[in-house]
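Q: The lines below spell out each chain.
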Amino acid sequence: MALLELKKVKKVYRQGKIEVPALRGIDLTVEQGEFTTIFGPSGSGKTTLLNMIGCLDTPTEGEIKLNGNKVSKLSQKQLAMVRRYNIGFIFQAYNLIPVLTAYENVEFAIRLIDHSKELQIKEKVLKILEEVGLKGLENRRPNELSGGEQQRVAVARALVKEPKIVLADEPTANLDSKTAADVVKIMIKMNKELGTTFIFSTHDPAVMKYANRYINLKDGMISTDERRG
Amino acid sequence: MFSLKLGLKNLTRQKRRNILIIFVIAFAFFGYLVMDSLMNGMEEMSFDNIKNYDTGNIQVVNPEYWEDREDLPLENLIYLNQDIVESIKKIEGVLGVSPELRFKANLNNGIDETAVIGLGISFDQYNEVFTTQNYIVEGSMFAPGELKAVIGVSLAELMDLKVDDYITLLVRTKDDTFNTIDVEIAGLVRAPNPMINNGIVFVPLDVAQQALNIGNGVSLLALKTVSGEEERISKSLTDNFKNKDLNLKPYSWKESASSVIALSAAKKGGIGTVLLVVLLIGMLGIINNVILSALERTEEIGMMKALGMREWEIVFVFMIEATGIGILGGLAGCLLGYIGVSWLVKYGFSIGYISGGDASGYGIPILDRIYGIWNYPAFTFLFILGIIIAVLSSILPSYWAAKKDPVKAIYHR
Chain A
1 MALLELKKVK KVYRQGKIEV PALRGIDLTV EQGEFTTIFG PSGSGKTTLL NMIGCLDTPT
61 EGEIKLNGNK VSKLSQKQLA MVRRYNIGFI FQAYNLIPVL TAYENVEFAI RLIDHSKELQ
121 IKEKVLKILE EVGLKGLENR RPNELSGGEQ QRVAVARALV KEPKIVLADE PTANLDSKTA
181 ADVVKIMIKM NKELGTTFIF STHDPAVMKY ANRYINLKDG MISTDERRG
Chain B
1001 MFSLKLGLKN LTRQKRRNIL IIFVIAFAFF GYLVMDSLMN GMEEMSFDNI KNYDTGNIQV
1061 VNPEYWEDRE DLPLENLIYL NQDIVESIKK IEGVLGVSPE LRFKANLNNG IDETAVIGLG
1121 ISFDQYNEVF TTQNYIVEGS MFAPGELKAV IGVSLAELMD LKVDDYITLL VRTKDDTFNT
1181 IDVEIAGLVR APNPMINNGI VFVPLDVAQQ ALNIGNGVSL LALKTVSGEE ERISKSLTDN
1241 FKNKDLNLKP YSWKESASSV IALSAAKKGG IGTVLLVVLL IGMLGIINNV ILSALERTEE
1301 IGMMKALGMR EWEIVFVFMI EATGIGILGG LAGCLLGYIG VSWLVKYGFS IGYISGGDAS
1361 GYGIPILDRI YGIWNYPAFT FLFILGIIIA VLSSILPSYW AAKKDPVKAI YHR
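These protein sequence lines are chains A and B, in that order.
229 is the number that our numbering gives the last residue of the first sequence; the numbers go up by one with no jumps.
1413 is the number that our numbering gives the last residue of the second sequence; the numbers go up by one with no jumps.
Calculated from the structure, these hints are not laboratory results.
Relax, there's no trap hidden among the hints.
Straight-line alpha carbon distances no greater than 25 Å define the calculated PhoX-like cross-link-like pairs of lysine-lysine that follow:
hint: 1; chain 1: B; residue 1: Lys-1403; chain 2: A; residue 2: Lys-70
hint: 2; chain 1: B; residue 1: Lys-1009; chain 2: A; residue 2: Lys-117
hint: 3; chain 1: A; residue 1: Lys-70; chain 2: B; residue 2: Lys-1408
hint: 4; chain 1: A; residue 1: Lys-7; chain 2: A; residue 2: Lys-164
hint: 5; chain 1: B; residue 1: Lys-1009; chain 2: A; residue 2: Lys-135
hint: 6; chain 1: A; residue 1: Lys-77; chain 2: B; residue 2: Lys-1005
hint: 7; chain 1: A; residue 1: Lys-10; chain 2: B; residue 2: Lys-1404
hint: 8; chain 1: A; residue 1: Lys-10; chain 2: A; residue 2: Lys-218
hint: 9; chain 1: A; residue 1: Lys-178; chain 2: A; residue 2: Lys-135
hint: 10; chain 1: A; residue 1: Lys-73; chain 2: B; residue 2: Lys-1404
hint: 11; chain 1: B; residue 1: Lys-1408; chain 2: A; residue 2: Lys-10
hint: 12; chain 1: A; residue 1: Lys-122; chain 2: B; residue 2: Lys-1009
hint: 13; chain 1: B; residue 1: Lys-1404; chain 2: A; residue 2: Lys-70
hint: 14; chain 1: A; residue 1: Lys-73; chain 2: B; residue 2: Lys-1408
hint: 15; chain 1: A; residue 1: Lys-17; chain 2: B; residue 2: Lys-1408
hint: 16; chain 1: A; residue 1: Lys-77; chain 2: B; residue 2: Lys-1404
hint: 17; chain 1: A; residue 1: Lys-124; chain 2: B; residue 2: Lys-1005
hint: 18; chain 1: B; residue 1: Lys-1005; chain 2: A; residue 2: Lys-122
hint: 19; chain 1: A; residue 1: Lys-17; chain 2: B; residue 2: Lys-1404
hint: 20; chain 1: A; residue 1: Lys-122; chain 2: A; residue 2: Lys-164
hint: 21; chain 1: A; residue 1: Lys-77; chain 2: B; residue 2: Lys-1403
hint: 22; chain 1: A; residue 1: Lys-218; chain 2: B; residue 2: Lys-1408
hint: 23; chain 1: A; residue 1: Lys-65; chain 2: B; residue 2: Lys-1408
hint: 24; chain 1: A; residue 1: Lys-117; chain 2: B; residue 2: Lys-1005
hint: 25; chain 1: B; residue 1: Lys-1408; chain 2: A; residue 2: Lys-8
hint: 26; chain 1: B; residue 1: Lys-1408; chain 2: A; residue 2: Lys-77
hint: 27; chain 1: A; residue 1: Lys-127; chain 2: B; residue 2: Lys-1005
hint: 28; chain 1: B; residue 1: Lys-1403; chain 2: A; residue 2: Lys-73
hint: 29; chain 1: B; residue 1: Lys-1009; chain 2: A; residue 2: Lys-124
Which residues of chain A face chain B? A partial, calculated answer using Cβ under 10 Å:
hint: 30; residue: Asn-51
hint: 31; residue: Arg-83
hint: 32; residue: Phe-91
hint: 33; residue: Asn-95
hint: 34; residue: Glu-107
hint: 35; residue: Leu-167
Covered by chain A, according to a simulated footprint, are these stretches of chain B (three or more residues, beta-carbon under 8 Å):
hint: 36; stretch: 1003–1014
hint: 37; stretch: 1400–1411
Every value quoted in this text rests on a predicted model; they were computed, and no experiment measured them.
Backbone N, C-alpha and C define an ideal beta-carbon position, used for all residues, glycine too.
With these hints in hand, go ahead and build the complete structure from the sequences.
A: Put into structure tokens, the structure is as follows:
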């Protein structure tokens, strides 16, 4: 069974009386453990597609199944629960909470699903922070971290709850090429170690080359879908 | 628990704005507590001034006299015999009985004339009930039979009189003929109740009775009682008068202080209005803060929703923050209020700018300063109410924030 299935997914936005199609019928299947990049020009529908997969938005037409469960017609409350337990997000702007330390930003995500004792939570959070190379920086607040370090915190926050799938929308867009490569390498490492499925959108060919599946979107439709290596 | 931690940590964001709102709430609380202390102090002082200088705790009067008492009639008087006073004194809780004869008079200083209230008193008995004698600022009281008078300093200033000067009181007798009482001023009084100072002339009871040709008649008997026992003593008095077939009735000081009681009721309305304004200020501050915070943290709200936080969990984070502001504002307000009320209790609030410090023209029998009193329940009440209002007023804007579409919030569209 595929981890993710999209069948004829369409999304139309309304701007007053005008209908703007963002996705025009996407058919896509993603297996567990894939490291997939979605690329394409601006306005091709990358972010909309990620939002549909991430259960942040629902399609106008079509069907989405996550882990065999139909999620395209769920209520907002149900979608929140799907996101809570199954999906991790990495944002371009990191979206860390400025008053929390790196440790607390990661702890925040796991506290939503894991009600274990303090010690067990601490172990998990420290372990993931070490995995992303932030050992020793746990007590720093976002404004005391570099952009790359902040994005690593965001990666740790997405992975700490061991989701089935991690979605990243332009995760390296705000980083220099070396830091971007470091962040992607961490994502690959976690993909290999934990078997987490990654789907990320990017414009950057230097980042794209690390993926093992390439989906090219054009005008809201998949124009090419290649697997490599 | 983490949401609680996050809500509390959020208090450290936008420090200047939060501090400003905390101060606004604190000053609103301060205003209310000071106002409450002052109003209650004014009420208590007014009541004390009425009891201690005007009516005593209870007045025993002929009911027909009571009806016309504002006109100071010389009819329906109480004709004293030792038995009445002694039987009243025997009632437990009665500390003193002072017969009083109240009459209309015109005070003449040889040049000018003004209307006054004449008050015939028996000095020793008057002392058992009232404390006016403690406020004689010049000269002394008089002894029975002496053709002497004590007047208030305000009246003395008005009529350009001093101790040892002679005055003439022009009165109408019971038989409606004119008579005069020529007396020497023995003393000047400046009592805390300005009504005493402005228009009352104290003369010996026997001198007044003789001049008015009323035998041993008095207008009323003023009683000093143990405070709070008025109701029980009134009942005993009523029974006593009934047994002796006397047409007399006890009236509580409250019945003589209707204007101050009415003022007290208005005070409650006034304090209620102040409370409403205070709460409105607090509400607007909190609502404004939650809305601004939500606007500033739109992307953060989007992230929270992406992580799978439920709406009520996001609402809870904002509510904790708002409640924190309410608690800090309340604590600061109570602290400021404590300082303000302490000052008012110790030094009072000068009313010098009101008719030279005499508030009697406004129906408030207070002179110079109004002292605040402690009302500890008001502190507790306001603090708890402040927190409740903070919580309630943060609910709607918090829901507004939590209801944001996650996609729009994340991308701040």
